[in-house]
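**Q** Chain by chain, the residues:
Protein chains: 2
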Amino acid sequence: MSKKNAFYAQSGGVTAVINASACGVIETARKHSDKIGNVYAGRNGIIGALTEDLIDTSLESDADIAALKHTPSGGFGSCRFKLKSLEENKREYERLIEVFKAHDIGYFFYNGGGDSADTCYKVSQLSEKMGYPVQAIHVPKTVDNDLPITDNCPGFGSVAKYIATSTLEASFDVRSMSKTSTKIFVIEVMGRHAGWIAAAGALVADQGIPVVTLFPEIEFDQEAFLAKVKANVEEHDYCTIVLSEGCHWPDGRFLAEQGTRDSFGHAQLGGAAPVVANMIKDALGYKFHWAVADYLQRAARHLASKSDVEQAYALGKAGVEYALEGHNSIMPTVVRKSSDPYVWEIGKAPLSEVANVEKFMPRDFISEDGFGITDKCREYLYPLIEGEDYPPYEKGMPKYVTLKLESVARKLSDFEL
Amino acid sequence: MSKKNAFYAQSGGVTAVINASACGVIETARKHSDKIGNVYAGRNGIIGALTEDLIDTSLESDADIAALKHTPSGGFGSCRFKLKSLEENKREYERLIEVFKAHDIGYFFYNGGGDSADTCYKVSQLSEKMGYPVQAIHVPKTVDNDLPITDNCPGFGSVAKYIATSTLEASFDVRSMSKTSTKIFVIEVMGRHAGWIAAAGALVADQGIPVVTLFPEIEFDQEAFLAKVKANVEEHDYCTIVLSEGCHWPDGRFLAEQGTRDSFGHAQLGGAAPVVANMIKDALGYKFHWAVADYLQRAARHLASKSDVEQAYALGKAGVEYALEGHNSIMPTVVRKSSDPYVWEIGKAPLSEVANVEKFMPRDFISEDGFGITDKCREYLYPLIEGEDYPPYEKGMPKYVTLKLESVARKLSDFEL
Chain Y
1 MSKKNAFYAQ SGGVTAVINA SACGVIETAR KHSDKIGNVY AGRNGIIGAL
51 TEDLIDTSLE SDADIAALKH TPSGGFGSCR FKLKSLEENK REYERLIEVF
101 KAHDIGYFFY NGGGDSADTC YKVSQLSEKM GYPVQAIHVP KTVDNDLPIT
151 DNCPGFGSVA KYIATSTLEA SFDVRSMSKT STKIFVIEVM GRHAGWIAAA
201 GALVADQGIP VVTLFPEIEF DQEAFLAKVK ANVEEHDYCT IVLSEGCHWP
251 DGRFLAEQGT RDSFGHAQLG GAAPVVANMI KDALGYKFHW AVADYLQRAA
301 RHLASKSDVE QAYALGKAGV EYALEGHNSI MPTVVRKSSD PYVWEIGKAP
351 LSEVANVEKF MPRDFISEDG FGITDKCREY LYPLIEGEDY PPYEKGMPKY
401 VTLKLESVAR KLSDFEL
Chain E
1 MSKKNAFYAQ SGGVTAVINA SACGVIETAR KHSDKIGNVY AGRNGIIGAL
51 TEDLIDTSLE SDADIAALKH TPSGGFGSCR FKLKSLEENK REYERLIEVF
101 KAHDIGYFFY NGGGDSADTC YKVSQLSEKM GYPVQAIHVP KTVDNDLPIT
151 DNCPGFGSVA KYIATSTLEA SFDVRSMSKT STKIFVIEVM GRHAGWIAAA
201 GALVADQGIP VVTLFPEIEF DQEAFLAKVK ANVEEHDYCT IVLSEGCHWP
251 DGRFLAEQGT RDSFGHAQLG GAAPVVANMI KDALGYKFHW AVADYLQRAA
301 RHLASKSDVE QAYALGKAGV EYALEGHNSI MPTVVRKSSD PYVWEIGKAP
351 LSEVANVEKF MPRDFISEDG FGITDKCREY LYPLIEGEDY PPYEKGMPKY
401 VTLKLESVAR KLSDFEL
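Residue numbers (the numbering used here), protein chains in the order written: chain Y, 1 to 417; chain E, 1 to 417.
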């Protein structure tokens with residue numbers, strides 16, 4: 001068997017640790033240079049493969065590749081570009097195979113969430129049919145934590161740690177000011193469909209913080225919510241609200257959609273946090289502050305979870321090892337053996353069972369009243385935020401790597417996206 | 001001379017390191033227990049003194065007091081309560097002196113910004129006149145960094161480090177997504193009058209990030225701003241905007257005030273960030289994301305600057321030492337001896353020169369076009385964010401202390417605020 005090259009691409013929204021997976025893939029491939037050739041990376045994700053815009057990772061130093069492990073964001077660029085179904089756009093899949101063939105690529109490592117698992121699965125199937133079989137391995141990544149089978153998804157643990165910590169810190173702040181000033185603090189967190197990140201914010205209840213959590217899984221009940229906030233303020237003089245961006249009314253409208261118009265008639269500008277903060281002010285009169293963490297939360301490598309970094313790396317490494325063992329069309333997974341002490345190992349799942357399955361918070365992870373989490377959820381979450389893994393600093397700021405990203409010479413004609 | 005007790009209070013918006021100053025005051029007082037009695041703290045700041053709601057810090061363990069050094073927020077509670085002028089409300093000042101007299105308090109350590117420096121100054125003057133002289137020492141604290149004479153203010157360095165780091169991380173994130181997705185990231189930071197915090201965000205330019213900074217010191221020029229953003233996106237494919245909450249139009253209106261109304265006719269909900277993000281979208285069509293860091297920035301003890309923590313502690317310690325040397329009506333200050341290597345020492349300033357003076361960014365710290373910072377500003381800022389000082393963690397979250405906060409028995413009648 002001749003030595004094949006590998007292709008690696010990052011997909012969708014990036015995280016604090018997706019580069020740790022890239023590091024795991026590339027370092028492991030380098031260790032097996034007898035069996036695996038160059039690792040080419042897609043510039044800006046799968047678009048790089050379609051347009052034959054490949055990055056030669058062999059031109060990056062060992063030190064720079066190692067530094068990916070502590071660098072947030074997508075070091076090779078990512079994209080939001082979902083390949084259509086095979087029926088609708090077979091042309092794109094065929095192009096991928098052509099590019100792989102032209103560059104002697106026999107391994108496809110695709111680092112992403114649900115959509116990329118699906119793409120990965122189709123590439124593996126189609127390449128077989130087209131007579132140029134490629135081993136397609138999906139390396140999981142998503143702050144949304146919504147992939148099935150794997151215990152959790154790299155990227156999530158670090159966001160969870162950041163949101164739990166930030167919510168705790170801001171709650172301490174409000175607690176010290178509540179006598180004469182702010183009584184309500186609303187933090188809006190990511191999670192359009194699944195409330196995993198909001199659940200991490202709810203952990204501050206264990207430190208005595210009065211917190212009300214709003215999940216996308218639970219229809220918003222304004223009356224019950226305001227009553228809960230009022231009770232908290234009456235007892236503690238303040239209240240923290242952790243709000244999923246995907247929180248919605250019973251009719252499906254997001255809380256953020258308030259029909260707000262500016263003076264030019266433009267649609268509303270803000271997130272859900274100011275809506276909820278003002279709703280409380282209007283009903284109960286409490287002074288508020290609100291924060292929208294947005295990208296700060298998923299990029300916060302400075303506060304990454306050690307478990308998360310280790311798993312992200314291990315899943316990238318396992319992807320290459322499984323490929324070298326001959327596996328195809330799989331996703332390496334995290335298998336939890338024990339929560340306390342936290343013990344995990346790497347397993348694998350067939351992509352046919354991963355593609356197009358979304359994992360929500362189980363109902364028994366959310367408290368009966370819908371505003372908090374259960375002990376079962378706590379037991380699940382704590383191990384994922386365990387440990388710190390600080391990046392190096394220089395002149396007071398984290399020292400993150402920017403790669404050289406040199407192109408591989410093209411061999412094919414242009415391709416219209 | 002009989003051994004007098006001390007009174008300590010936290011004032012105004014709290015920070016990641018105001019408790020480090022409290023720790024410096026209390027630990028130093030404990031070391032000099034031959035000369036100084038108990039340290040009583042005001043519950044919720046100066047209100048605690050006015051209402052004779054004092055906390056007996058002697059009942060807190062050495063370990064808990066030491067833990068204040070790594071705990072954000074105001075451990076004894078703070079308040080936004082400005083004493084009126086002596087002429088307008090002499091009654092409040094007289095009450096303070098009565099409470100001090102009743103509890104044999106001879107030292108007043110007031111930990112705050114400009115307003116509290118003024119109060120501190122007046123207490124020292126009035127107590128003399130009333131025949132119960134109190135040594136009043138102002139321990140500086142403000143994330144706004146707007147106190148005069150001192151090189152910088154405790155609290156600022158840690159916010160600066162947090163904003164510089166978060167802006168860098170989010171910019172890396174956007175850079176990796178810009179091909180098909182977000183091209184504009186707006187981060188709104190604190191600073192209603194002074195742009196010090198925004199200036200810290202501008203440091204990311206040194207790491208190759210295309211960044212446009214909007215200072216409260218510079219009137220907003222929409223045309224020039226949009227041209228700058230456009231040029232950045234055309235060159236780099238993305239652009240980061242660091243936006244002071246106090247950024248305003250030439251007529252003085254804040255950018256946040258857009259006359260926005262919701263469907264019920266309520267006034268606008270959002271901050272300045274969504275306004276600027278939508279302005280760019282409308283004019284240039286770029287996809288955006290925005291974050292409002294709000295309290296997360298000033299509470300972020302998990303990413304405190306080591307310089308800042310050390311100075312906060314040293315200023316609290318110096319306050320007590322100066323008092324024991326007989327000084328009165330002063331504020332300990334940070335004196336910069338050298339920027340590279342960073343060398344500083346503690347000095348002192350008379351409160352008469354501190355009270356009611358606000359320090360803005362010097363014009364030569366802001367670049368000529370008004371959208372960035374100069375080398376002079378860089379030289380000033382870098383030492384302040386130098387070094388990391390991580391809190392201890394337990395179960396994945398920072399282990400912050402909550403004090404017992406036991407009350408001192410009251411001796412006086414009630415006082416109406």
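A hint or two may mislead.
The list makes no distinction among identical chains, and a pair is therefore deemed to hold if it is satisfied within one copy or across any two copies.
[Said to hold, decoys possible] For lysine to aspartate or glutamate, the following EDC-like pairs were computed, each having C-alpha atoms within a straight-line distance of at most 16 Å: (1) Lys3 to Glu325; (2) Lys411 to Glu368; (3) Lys411 to Glu88; (4) Lys179 to Asp53; (5) Lys306 to Glu394; (6) Lys348 to Glu94; (7) Lys395 to Glu379; (8) Lys35 to Glu257; (9) Lys399 to Asp206; (10) Lys281 to Asp251; (11) Lys281 to Glu321; (12) Lys35 to Glu386; (13) Lys31 to Glu234; (14) Lys348 to Asp104; (15) Lys411 to Glu223; (16) Lys395 to Asp340; (17) Lys399 to Glu386; (18) Lys287 to Glu345; (19) Lys230 to Glu379; (20) Lys82 to Asp104; (21) Lys31 to Glu358; (22) Lys101 to Glu223; (23) Lys359 to Glu310; (24) Lys90 to Glu368; (25) Lys395 to Asp206; (26) Lys4 to Glu92.
Calculated directly from the structure, the hints in this document are not laboratory data.
**Q** The structure should be examined with respect to each hint, and the outcome stated for every one.
**A** Hint-by-hint comparison with the structure:
1. Lys3 to Glu325: Classified as within: same-chain Cα gap 14 Å, cross-chain 78 Å, threshold 16 Å.
2. Lys411 to Glu368: neither (60 Å within a copy, 48 Å between copies)
3. Lys411 to Glu88: Cα proximity of Lys411 and Glu88: none, with 26 Å in one copy and 83 Å across.
4. Lys179 to Asp53: between (59 Å within a copy, 13 Å between copies)
5. Lys306 to Glu394: between (21 Å within a copy, 13 Å between copies)
6. Lys348 to Glu94: neither (27 Å within a copy, 74 Å between copies)
7. Lys395 to Glu379: Result: close only across copies, 11 Å inter versus 39 Å intra.
8. Lys35 to Glu257: neither (54 Å within a copy, 62 Å between copies)
9. Lys399 to Asp206: between (34 Å within a copy, 12 Å between copies)
10. Lys281 to Asp251: Result: close neither inside a copy nor across copies, 24 Å intra and 29 Å inter.
11. Lys281 to Glu321: neither (56 Å within a copy, 45 Å between copies)
12. Lys35 to Glu386: So Lys35 and Glu386 fail the 16 Å test inside a copy (36 Å) and across (45 Å) alike.
13. Lys31 to Glu234: This pair counts as neither: shortest intra-copy Cα distance 61 Å, inter-copy 40 Å.
14. Lys348 to Asp104: neither (26 Å within a copy, 71 Å between copies)
15. Lys411 to Glu223: Answer is neither; intra-copy 63 Å and inter-copy 45 Å both fail.
16. Lys395 to Asp340: For Lys395 and Asp340, only the inter-copy Cα distance (11 Å) is at most 16 Å; the intra-copy one is 38 Å.
17. Lys399 to Glu386: between (23 Å within a copy, 13 Å between copies)
18. Lys287 to Glu345: Result: close neither inside a copy nor across copies, 47 Å intra and 40 Å inter.
19. Lys230 to Glu379: neither (29 Å within a copy, 48 Å between copies)
20. Lys82 to Asp104: Result: close neither inside a copy nor across copies, 24 Å intra and 73 Å inter.
21. Lys31 to Glu358: So Lys31 and Glu358 fail the 16 Å test inside a copy (35 Å) and across (60 Å) alike.
22. Lys101 to Glu223: Close neither inside one copy (60 Å) nor across copies (50 Å); limit 16 Å.
23. Lys359 to Glu310: neither (22 Å within a copy, 46 Å between copies)
24. Lys90 to Glu368: neither (47 Å within a copy, 54 Å between copies)
25. Lys395 to Asp206: between (36 Å within a copy, 11 Å between copies)
26. Lys4 to Glu92: neither (22 Å within a copy, 82 Å between copies)
Of the numbered hints stated above, those contradicted by the structure are hints 2, 3, 6, 8, 10, 11, 12, 13, 14, 15, 18, 19, 20, 21, 22, 23, 24, 26, listed in ascending order.
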